[in-house]
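Turn these sequences into a full structure, and let the hints guide you.
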Amino acid sequence: MLNPFRPQSASPRLDSLRRLSLFVSLTPSELRILDSLLHERQYQSDEIIFDAGDEGQAIYIVLDGDVLICRQGDPHGGRIATLTAGTFFGELALLDNAPRMAQARADTACTVAVFFRADFLGLLDTHARIASKIYRELARHVGARMREMAIAAEAFQHL
Amino acid sequence: MSASTSHSVRASAGPVVWIAIIAVTCLLLFFFQKILWLVVPFLLALILYYFLYPPMQWLIHRGVGHDAAASVVTLVFLVLLAAVGIALAPWVTEHISAWHDTVTRYVDGGLKLLDSSLRSLEASWAPLARARLADTVAERIQHGGGNVAENLQPVAMAIAAWTPSLMLAPFLAFFFLKDGSRFKHFLGAAVPNAFFEKSLYLLHEVDQTSRAYFQGLIKLTILDTLTLAIGLWIMGMPGALALGTICAVLAWIPYVGSIAGGLLVVLVAATDFPGDPGMAYWSVALFVFVRLLDDFLYMPLTIGKSLELHPLITVLMIFVGGAVAGIPGLMLVLPVLGVVMVIGETIGVIVTDPRLMARHRQAKVLRRMAASRDL
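Chains as they are written, first to last, in our numbering: chain A, 360 to 518; chain B, 491 to 865.
In case anyone wonders, no lab produced these hints; they're calculated from the structure.
Among the hints, erroneous ones may be present.
Keeping only pairs whose Cα atoms sit at most 20 Å apart, straight-line, the calculated DMTMM-like set for lysine to aspartate or glutamate is [stated by the list, open to error]: (1) A:K492 - A:D455; (2) B:K688 - A:E414; (3) B:K854 - A:D405; (4) B:K688 - A:D413; (5) B:K602 - B:E612; (6) B:K688 - A:D455; (7) B:K688 - A:E450; (8) B:K668 - A:D484; (9) B:K709 - B:D784; (10) B:K688 - A:E399; (11) B:K674 - A:D394.
See the structure below:
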C-alpha cells in the first residue's frame, strides 16, 4: 500500500540504541519514543559528515561502519579518534549550537542515526522523564571526558 | 541561539532570491485559485492543526500515546463543533428567512449614510455641489451594484457549494496532527547528506515560525473580538459579539480586512441608528482605537514579528495577490508568501554555500565510484 508515513513496526536499530551509554537508563517504551525521532543516514567511505566550525545541531550515533574524527581537512595526520558501531559523537550539540570542534568523516561506508537538538528540546516538553534521563547520562559522559582530559594533561606535565 | 541563526539566514537572501520568491508566490496564487476547493480547507486545517497542537501536547505530556492524543483532540473538537451546530440550528432556521431582508436593510442604510454624508459635504463645499457628486455616486451605485437580492443569491449558492469542501478541514487537521512528525522524516530522507543538518534545522525554524504565526493569529482574533464586542456593547450596538467576531476574522486579511470590518460596523450603525450619525462616527473611532491597540499592544504580544515581513512588502503583496487571484488572492497571499519565503531562503542559503555544494559534489562522486566499483 502506498503510505509514505507508515511507522516502522520494529526498528532494527533499537538493539544498538539500547546498548548506547547515553540511552542505557531508558525503558523499552521510552526507547521506542526516542527511536521515532531519529533520522537514519548512510555515508560512503571518506564522505564528510560535518566540518569543524559547522553549527552543531545534532548528535550522531554510529549504527554500522567506522567514523573518523580528525582535524579539519587532515584525515591522515590529524586523526583524533576512530569510532565504531555503538558509539556516538557530536554530543555537545544537545547542549548548545556551538561550532563543531573537529571534522567527522566516514572511515568506511557507514550508517548513522541522527538526533536533532530541536527534537531533544521537544522531548523536554512532551516526555520530560526521557529527556532528563538522557541529560543525566550526557552529564556523566561529559564529566568522564573532562576527567580523562585532566589526567592526560597531568601526565603531559610530568613528561 | 536560533534567533541569531535565523537572522543570519534571512539576511543572506539577496535580490535574486527575493524576485524568485515573489514570482513563485504569484504563480502559486494563480494556480491555487483554480483549486480553491482544496487550498482553503488546507489552510483552515493548518490553522486548526496549530490550534489543536497544544492540547495534543498536553495529553502526550500526561502519558497518552501520540496517535491516541491526535484522535482524542480531533474528536473533542468535532463533538464541540456539533454541539454548537445543534445549539444554533433552531435559531438559524428561525431567522434564515429574515436574513435576506436584514442584509437588504443594512445595505440600504449604508447607502443612505453615504448619500447624506455626500450631500452635507456638497452643502459645505461649493465645488462638490457644482459637480453634483451625490447624484453621480448614487447613479453609479444604482447601475453598477444592481439589486441586493440578485447579489445575495450567488453568495448563498457559494456557501452551499463550499460546505462539503470545508468539511475536509478537520479531516486534514487530524492527519497533520497524527503524521506531522513522520512527514518531517519523509522530507528529511529526500535531502542529500551534505544539506541534511542545515535543511532539517531550517525546516524546524519554518515549523516554529508557522506555529508562532497561527497560534498568535488565534489569540489576536480572540483579543480583537473581545475588545470590539465590549466597545460596541458599551455604544449600545445590537449583536456586538457577532459583529466583533466577524470583524476580527476579517482582520486576518491585513489592512484590507480591517477596513472591510470597519465599513461593516458603520453600515450597521447607520441603519440601526438612522437619526444619529454620531453612532457611525463613534464606530469609526472605536475601529481606529482597536487598530492602534492591535499595532502597539496585541500584535507584539501575540504574532510578534513571526513572519518578519516589511510592511511595504506586505501591502504591495496584498495588492499583487488581489490582482493575480482576486479575493482568494487577497486572503492567501500572506500565508503563501510566508511559506515560499522560508523555503526560498533555505534553498538560497544552501545553494550559495560553496562548502556545502563542494561536499555534495564530493558525495556524488563517492557514490558513483561505489556503485561502479566491481563493474
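Could you grab the alpha-carbon distance between A:K492 and A:D455 and see if it respects the 20 Å cut-off? This hinted pair holds, its Cα atoms lying about 18 Å apart.
Would you check the hint for B:K688 and A:E414, treating anything up to 20 Å between C-alpha atoms as holding? holds, 9 Å
Is the hinted pair B:K709 and B:D784 satisfied, with a Cα-Cα distance of at most 20 Å? holds, 12 Å
Taking only the CA atoms, is the gap from B:K602 to B:E612 under or equal to 20 Å? Roughly 15 Å between the alpha carbons, so the hint for B:K602 and B:E612 holds.
Sort out whether A:D484 lies within 20 Å of B:K668, counting only the CA atoms. Within the cut-off at roughly 18 Å; holds.
Quickly compare the C-alpha distance for B:K688 and A:E450 to 20 Å and report which way the hint goes. holds, 17 Å
Verify the proposed pairing of B:K674 with A:D394, using a straight-line Cα cut of 20 Å. holds, 14 Å
Checking one constraint from the list: CA of B:K688 to CA of A:D413, max 20 Å. Satisfied? holds, 10 Å
Do the alpha carbons of B:K688 and A:D455 lie within 20 Å of each other, as the hint requires? Judged against 20 Å, a Cα distance of about 15 Å means the pair holds.
Is the Cα-Cα distance between B:K688 and A:E399 20 Å or less? Holds, at roughly 15 Å.
Are the Cα positions of B:K854 and A:D405 separated by 20 Å at most? holds, 12 Å
Of the hints listed earlier, there is not a single one the structure fails to meet.
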